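Participant: Residue numbers (full-length UniProt numbering), protein chains in the order written: chain A, 1 to 392; chain B, 1 to 392; chain C, 1 to 371; chain D, 1 to 371.
Derived from the structure by calculation, the hints contain no laboratory data. Being a predicted model, the structure only gives us computed values, none of them experimental. Glycine included, each C-beta is placed from N, C-alpha and C at the ideal position. Fair warning: there could be bad hints in the mix.
[What the hints assert, rightly or not] Cβ-Cβ distance ranges computed for the label pairs, FRET-style:
{"hint": "1", "chain 1": "D", "residue 1": "Gln364", "chain 2": "C", "residue 2": "Leu104", "range": "52 to 62 Å"}
{"hint": "2", "chain 1": "D", "residue 1": "Glu248", "chain 2": "A", "residue 2": "Gln182", "range": "30 to 40 Å"}
{"hint": "3", "chain 1": "A", "residue 1": "Thr6", "chain 2": "B", "residue 2": "Gln388", "range": "20 to 30 Å"}
[What the hints assert, rightly or not] Each computed DSBU-like pair below joins lysine-lysine, with the alpha-carbon atoms no more than 35 Å apart:
{"hint": "4", "chain 1": "D", "residue 1": "Lys254", "chain 2": "A", "residue 2": "Lys302"}
{"hint": "5", "chain 1": "D", "residue 1": "Lys254", "chain 2": "A", "residue 2": "Lys282"}
{"hint": "6", "chain 1": "D", "residue 1": "Lys18", "chain 2": "B", "residue 2": "Lys180"}
{"hint": "7", "chain 1": "D", "residue 1": "Lys18", "chain 2": "B", "residue 2": "Lys232"}
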Amino acid sequence: MDLAFTPEEQQFREEVRAWVRANLPQDIAHKVHNALHLTRDDMQRWARILGKKGWLGYGWPKQFGGPGWTAVQKHLFEEEAALAGAPRIVPFGPVMVAPVIMAFGSPEQQKRFLPGIASGEVWWSQGYSEPGSGSDLASLKTRAERRGDKYIVNGQKTWTTLAQYGEWIFCLVRTSTEGKPQTGISFLLIDMKSPGVTVRPIIMLDGGHEVNEVFFDNVEVPAENLIGEENKGWTYAKHLLSHERTNIADVNRAKRELERLKRIARSEGVYTDQRFRDEIAKLEVDIVALEMLVLRVLSAEKSGKNPLDIAGLLKIKGSEIQQRYSELMMLAAGPYALPFIREAMEAGYQGDYVGAATLAPLAATYFNMRKTTIYGGSNEVQRNIVAQTVLG
Amino acid sequence: MDLAFTPEEQQFREEVRAWVRANLPQDIAHKVHNALHLTRDDMQRWARILGKKGWLGYGWPKQFGGPGWTAVQKHLFEEEAALAGAPRIVPFGPVMVAPVIMAFGSPEQQKRFLPGIASGEVWWSQGYSEPGSGSDLASLKTRAERRGDKYIVNGQKTWTTLAQYGEWIFCLVRTSTEGKPQTGISFLLIDMKSPGVTVRPIIMLDGGHEVNEVFFDNVEVPAENLIGEENKGWTYAKHLLSHERTNIADVNRAKRELERLKRIARSEGVYTDQRFRDEIAKLEVDIVALEMLVLRVLSAEKSGKNPLDIAGLLKIKGSEIQQRYSELMMLAAGPYALPFIREAMEAGYQGDYVGAATLAPLAATYFNMRKTTIYGGSNEVQRNIVAQTVLG
Amino acid sequence: MDFNFSDEQEQLRDAVRKWVDRSYTFERRQGIAKAGGFDRSAYNELAELGLTGLYVPEDHGGMGMGPVEAMVVLEELGRGIVLEPLGATLVASGVIAAYAPEALKSQWLPKIASGEALVVLAYQERKARYRLDVCEATATQAGSGWKLSGEKSLVPAGDQADAFLVPAKANGKIALFLVERNAQGVSTRGYPTMDEARAAEVKFQDAAATLVTADGLAALQHAVDVGIACTCAEGVGVIDRTMELTAEYMNTRKQFGVTLATFQALRHRMADMKMQQELARSMSYYASLKLNAPVEERLRAMARAKYQLGVAMRFVGQNSVQLHGGIGVTDEYVGSHYFKKLTALELVYGDTLHHLGEVSQRMQDTAGVFA
Amino acid sequence: MDFNFSDEQEQLRDAVRKWVDRSYTFERRQGIAKAGGFDRSAYNELAELGLTGLYVPEDHGGMGMGPVEAMVVLEELGRGIVLEPLGATLVASGVIAAYAPEALKSQWLPKIASGEALVVLAYQERKARYRLDVCEATATQAGSGWKLSGEKSLVPAGDQADAFLVPAKANGKIALFLVERNAQGVSTRGYPTMDEARAAEVKFQDAAATLVTADGLAALQHAVDVGIACTCAEGVGVIDRTMELTAEYMNTRKQFGVTLATFQALRHRMADMKMQQELARSMSYYASLKLNAPVEERLRAMARAKYQLGVAMRFVGQNSVQLHGGIGVTDEYVGSHYFKKLTALELVYGDTLHHLGEVSQRMQDTAGVFA
């Protein structure tokens with residue numbers, strides 16, 4: 001048992017740190033450190049920089065052009081990127097669809113799709129959720145009917161994150177209504193420029209445009225865009241979910257945001273107020289405990305024995321911590337969290353702030369963070385899963 | 001809308017207060033104020049004093065010899081008794097079985113049983129719970145078979161509070177196995193001196209003997225001891241449960257115990273520690289809010305309109321508050337809550353205390369209070385009930 | 001001890017509820033929100049109902065009602081998440097009626113009652129957080145009147161108001177003044193707030209001011225306590241409607257073939273929310289009924305009430321969103337606006353930690369409603 | 001970064017678990033509890049396993065092991081709610097090994113390792129609560145030795161111990177001394193504790209004392225930190241077994257015709273308990289792995305760990321009782337004794353609020369495991 005990273009891991013961390021600090025554009029880091037609005041260009045710029053270095057697909061094996069890092073190395077990269085103020089990698093291409101294409105796609109599909117993902121050129125979206133499905137994902141209804149060498153897709157996806165920028169979308173579609181709901185689902189890649197695809201924004205309670213509805217109206221999809229076999233899509237999607245997911249806890253971002261919380265508390269004069277400071281202290285312990293949990297998972301992965309079955313715990317605690325720091329930032333601002341000036345949440349705003357510039361986005365972030373206990377399998381679903389591990 | 005009691009109610013309160021303070025034995029009040037062990041004699045002495053005044057059955061209507069008080073008067077009596085340090089009235093006779101006898105018993109039964117209850121002479125126990133039943137009370141199995149003018153009772157009750165002192169016990173027994181479980185239950189009064197009745201103590205985690213198992217082995221019970229009709233016992237028991245139950249919240253005792261908590265916190269030096277004091281402050285708000293809830297119920301009862309369906313809330317919050325003050329008292333003692341000297345929890349202990357006499361019973365009380373969220377319908381069952389009122 | 005509403009109070013409630021249901025629809029509300037968060041014609045409709053004059057004595061053209069009536073009205077406005085700040089009007093008119101010299105009363109109260117003048121308290125300063133005794137604004141005598149200088153923040157509908165009640169230091173002691181928005185040296189900068197209502201930063205530079213009372217701190221404490229009682233009542237209304245929306249959704253939305261209301265874990269969450277709802281209502285009653293109590297008792301009661309409401313509003317708001325799932329975080333869904341209102345109400349007139357501090361500091365040996 | 005136990009550590013764990021399962025049955029434990037809460041022969045069995053010498057260097061007859069081995073052992077003793085205070089022995093032997101002069105080491109460490117001598121820290125004073133710098137006991141030089149006077153509370157197995165490590169003020173500064181129980185002027189008063197173990201009040205009146213170290217506060221802080229790490233590990237063991245018992249009960253006990261494990265609200269409670277279990281284990285690892293860190297880092301880490309353990313032990317303990325229902329509050333049921341142990345462990349070496357204060361005070365700009 002040893003808490004310290006190995007000298008090799010330490011050296012790796014320092015190399016990554018140096019590279020990130022040298023290559024992360026300052027203006028982007030500034031936005032991240034101050035929770036200002038990130039544009040498509042911001043995200044894409046960073047993705048391309050990573051892509052050029054070969055680190056956008058930082059979880060990929062070498063055979064597909066990835067760096068072939070260990071679980072610990074991936075964690076160290078994530079931590080260094082987060083602490084430096086890098087935006088989170090938009091996961092739909094490199095983290096979500098790419099592993100499925102690698103595992104179940106044909107060599108042609110791999111050759112066709114992976115380069116654009118690795119370089120950050122092609123923006124992917126995820127088409128899983130539907131209006132009626134929610135936590136019950138397998139109840140999805142979007143149909144894909146095979147007609148010759150094409151599928152005709154009809155239906156609707158929702159909560160499609162950043163689909164307004166999407167060029168391709170990977171979808172779970174229903175190709176059969178026989179048997180259990182899970183057995184009639186296929187995994188299809190769809191070009192979003194195809195006729196019949198419509199994206200409609202969903203405005204969130206914080207006023208932001210982050211998710212969308214995506215409608216499919218007789219959309220023609222070449223059969224060659226089917227991943228693996230028809231009606232086996234559920235298996236592929238589950239493979240994706242079962243993937244190593246310590247990143248779900250987002251503990252590195254939490255560490256960065258805890259620092260921001262302390263800065264805000266200090267400037268608002270509550271850092272020395274014992275009552276408020278205690279709340280930060282509790283959060284700090286939570287974050288250390290979560291980080292220990294993450295490290296335990298990494299250690300188990302590294303040694304290849306005793307895999308820890310605690311992904312549910314990571315999701316629950318990670319999301320609760322995200323909500324809590326955003327809540328405490330808002331409470332640190334107190335009455336000055338009330339003003340809600342959307343322009344003041346953009347970088348380069350020239351107008352007057354109320355109170356201080358740092359306070360402008362706090363309420364919006366708090367509102368936005370309510371999603372974290374809902375998406376990616378709500379925390380209620382996670383509790384079901386955790387209980388299963390304890391009670392059978 | 002008016003928060004103040006009416007002048008008549010105020011005057012009533014003062015009369016009750018004067019009488020209680022004049023008639024409550026000092027040694028008993030001392031024990032109550034310091035959470036020392038109450039003996040059978042302590043409880044019985046106070047019951048007889050109340051009985052003589054006609055106030056043991058303080059909730060009884062005049063026709064049965066009660067004072068015929070309003071809901072508010074009953075509340076004021078409870079409050080004055082609690083604040084003065086009176087022991088809680090052992091409820092099984094005057095509060096639980098008496099109303100059933102009044103509502104469903106025959107005139108003969110009323111004449112036979114009520115006087116002994118009203119005077120405090122006869123100690124009653126309650127035989128509802130069984131080892132297998134728990135929250136699922138209707139699954140009870142104790143059988144009563146009719147043979148001529150007798151019932152033969154076989155089975156086992158459990159969690160029978162203070163049954164070691166019991167002279168009579170009112171039981172729910174199964175007289176039929178047909179239909180729904182609820183429909184085959186009868187309400188039977190059993191003389192605990194009958195051959196075949198055995199009481200076995202259950203020692204609780206605090207080391208106290210408060211509850212028992214009661215075994216019935218071919219116990220002969222005269223048929224005249226059946227209340228109402230055979231197989232209708234569930235209805236009678238439910239009538240009892242639906243009775244006005246603001247006392248379930250025990251808010252008056254909570255107010256007294258909050259004062260004790262403050263005394264202990266002061267003497268242990270944590271009353272001025274903001275961190276600890278805040279916990280007391282939160283509890284104080286909880287108690288005020290609970291008292292307001294109780295007053296709202298009383299007001300609704302008084303006016304006879306809009307009855308408030310919040311008994312479940314009273315039970316949940318009341319029991320949580322009981323647990324919380326006992327927890328905070330223990331935490332106020334800190335390391336000095338560790339010594340667990342049973343003799344030091346008795347009045348008149350002549351040995352040395354560890355730390356201070358006030359601290360001796362705190363851990364035991366904390367342990368004991370764990371029962372409050374379990375008994376009388378666990379808080380989980382209460383939440384089911386509350387949810388029903390909101391969601392149907 | 002009686003918590004029943006009188007017939008008159010029930011009629012008042014009905015009238016306000018009818019107005020909300022018929023005239024202040026969600027569509028209209030969102031229109032007002034998009035247009036800036038305050039609509040004078042909607043405010044005038046409140047005036048037509050007599051509500052702006054609720055705290056104005058009858059001889060000044062108002063209804064001369066008390067805290068219970070105010071509570072009833074605010075509950076209903078909370079149910080409708082009405083943007084126009086009637087509570088602010090009650091605060092201002094209450095303070096003027098209680099503290100202002102007769103001339104000032106005669107000049108302003110009738111106009112407040114009729115809705116002609118919107119007068120609001122402008123007390124928040126950047127360095128004060130929730131403390132009332134921190135005040136950097138100053139006033140100096142100038143002839144028969146006063147000149148006031150300073151900056152006040154987060155003034156409700158501050159760029160729409162006709163006059164402000166402003167605490168400022170005069171001869172080293174906080175006094176309360178009235179300043180008209182059109183007076184020279186007054187400038188405002190309006191903006192929307194998180195609950196889609198409106199507020200403003202207000203600057204005073206040697207602005208002409210009229211003295212309301214030299215005992216400014218007492219008046220300010222009183223004003224804030226009226227504000228707390230109003231906020232508690234409004235919070236109860238928002239909670240009530242939130243609970244209805246959530247129950248409705250849970251009984252409709254299906255997952256895994258059954259309604260959400262089928263899942264015990266979610267039912268228990270609803271039970272916990274119901275607890276907070278009823279504790280909040282209880283403490284809102286308590287606040288309104290203690291508003292005329294002696295000062296120390298009143299301050300203690302308001303801190304207790306606002307603390308409890310803070311806890312309840314946050315719990316109910318957050319869990320309502322959670323129980324709704326995705327739909328609960330969309331702008332389109334009415335419920336998310338209730339959540340935002342609950343969040344905002346926690347932050348006005350002292351947040352939950354602030355009032356915990358107040359309760360803690362004001363704690364006495366005996367406790368309870370009547371202590 | 002590696003959280004795997006070595007083969008030797010796993011063997012140590014197996015050995016201790018076997019002893020608990022076979023030799024320290026619940027019946028035996030309850031017999032010891034009824035007889036006073038400490039059994040020398042059980043303690044000697046721990047010594048035979050080598051455990052009393054775990055922190056004693058090999059050249060003094062011990063095993064010379066480290067914090068991780070101590071953690072493994074304490075987890076297992078926690079699983080068995082073993083009454084004999086091995087943690088106290090580790091605290092004393094750790095401090096002697098780190099701070100005592102060679103002569104004292106040679107005299108005591110072999111006897112501690114063999115179990116011949118039980119040495120415990122006697123530091124708690126009535127006025128100190130959890131503060132280590134409050135010390136009224138005094139020591140004065142007397143010839144080549146010292147005389148120590150004072151009263152120490154809550155000394156683990158204090159009336160059974162052979163010697164005490166006692167902080168006392170010498171020349172105004174806290175120093176640490178060793179005092180034998182049989183020395184003149186030493187009197188003890190033993191009693192059971194809430195977890196059915198044993199403690200004592202110990203009085204020293206001009207008792208002969210040997211100086212362990214003049215830097216008493218540093219040694220005491222170190223001792224308490226060893227104690228915290230032991231307590232965290234023990235707590236994890238108690239929690240683990242509590243969780244097993246609870247899961248077992250929920251899968252057996254039927255209500256309304258189905259097992260308790262069927263009810264979603266109860267399942268979610270178990271999920272929340274599982275969360276606390278894993279957070280507690282994580283922070284116990286953290287505590288043990290930080291035990292040799294630089295002082296400030298160590299103090300901060302121990303406060304964080306004990307705070308988290310306090311939260312977890314209370315939550316798991318209380319909810320385990322609740323999920324059991326009636327049976328959970330009986331003396332007869334094994335689970336209720338785990339609850340009592342969890343309660344007691346929260347109160348030693350600083351309770352949850354105390355350590356929250358420590359965390360709060362020691363907070364720095366950057367956070368995280370390595371900060």
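Participant: If a hint holds in the structure, say so; if it doesn't, say that too.
Facilitator: Hints, verified against the model:
{"no.": "1", "hint": "D:Gln364 / C:Leu104: 52 to 62 Å", "verdict": "holds (54 Å)"}
{"no.": "2", "hint": "D:Glu248 / A:Gln182: 30 to 40 Å", "verdict": "holds (32 Å)"}
{"no.": "3", "hint": "A:Thr6 / B:Gln388: 20 to 30 Å", "verdict": "violated (58 Å)"}
{"no.": "4", "hint": "D:Lys254 / A:Lys302", "verdict": "violated (42 Å)"}
{"no.": "5", "hint": "D:Lys254 / A:Lys282", "verdict": "violated (38 Å)"}
{"no.": "6", "hint": "D:Lys18 / B:Lys180", "verdict": "violated (50 Å)"}
{"no.": "7", "hint": "D:Lys18 / B:Lys232", "verdict": "violated (56 Å)"}
This entry does not satisfy hints 3, 4, 5, 6, 7, going by the numbered hints stated previously.
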